[in-house]
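Please build the complete structure, drawing on both the sequences and the hints.
Following numbering that gives the first Met the number 0, the numbering of the sequence shown begins with 0 at its first residue and continues without gaps.
No lab work stands behind these hints, which were simulated from the structure alone. Mixed in with the good hints there might be a few duds.
Between beta-carbon pairs, the in silico distance windows are [to be verified]: (1) V98 <-> A30: 28 to 34 angstroms; (2) Q102 <-> D26: 32 to 38 angstroms; (3) I3 <-> H91: 28 to 34 angstroms; (4) D26 <-> K79: 16 to 22 angstroms.
All C-beta atoms, glycine included, are put in the ideal place defined by N, C-alpha and C.
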Amino acid sequence: MEDIKAKVLVCDDDKNMRDSIRDNLEDDGYAVTEASTGPGAVAAALKESFDVILMDYKLTDPSGKESMTGIEAIKQIRVKDTESQILMLTGHASLDIAVQSIQESVYDFIQSYFVRKALRTGSTHALIFLISWARISGESPHNYVTLSLTQETRD
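What follows is the structure, given as structure tokens:
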């Protein structure tokens, strides 16, 4: 039996993004659970514990209406789970989101643009590095990862 590196919850309303992240992480030995909505992520986190949670900021429900934000889901998850390292994926980076993320103990956040670009080109080493780093380190690798993803997507 192959060793599992970490249990990861991926919450994104974009099925293609979830599938791509899941496929890449599973190929690298991670156990992945998916959620498409904030309430789905909260339910998964209440059911089992995760080492890392990748949370999209802006979530919609299946009908296309805005659902709870990733921050709202994180607030509910943090009531039970204070140990998971949470990484915010956002295409809507702003100072307000950064402050809210810090207030909710989000480990780091990265723009979805870089993740999408890396997944399209098959250059996911930086995303996998970020998840691994979140598991074993107290330091934020944000600058390294953003630089790596930008650099990898140019190649």
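Now for the hints, and whether the structure bears them out:
1. V98 <-> A30: 28 to 34 angstroms: holds, 32 angstroms
2. Q102 <-> D26: 32 to 38 angstroms: This hint holds: roughly 34 angstroms between Cβ atoms.
3. I3 <-> H91: 28 to 34 angstroms: For I3 and H91 the Cβ distance comes to about 32 angstroms; the hint holds.
4. D26 <-> K79: 16 to 22 angstroms: Given a distance of about 30 angstroms, which is not inside 16 to 22 angstroms, the answer is violated.
Hint 4 alone, counting from the list given before, is not met by this structure.
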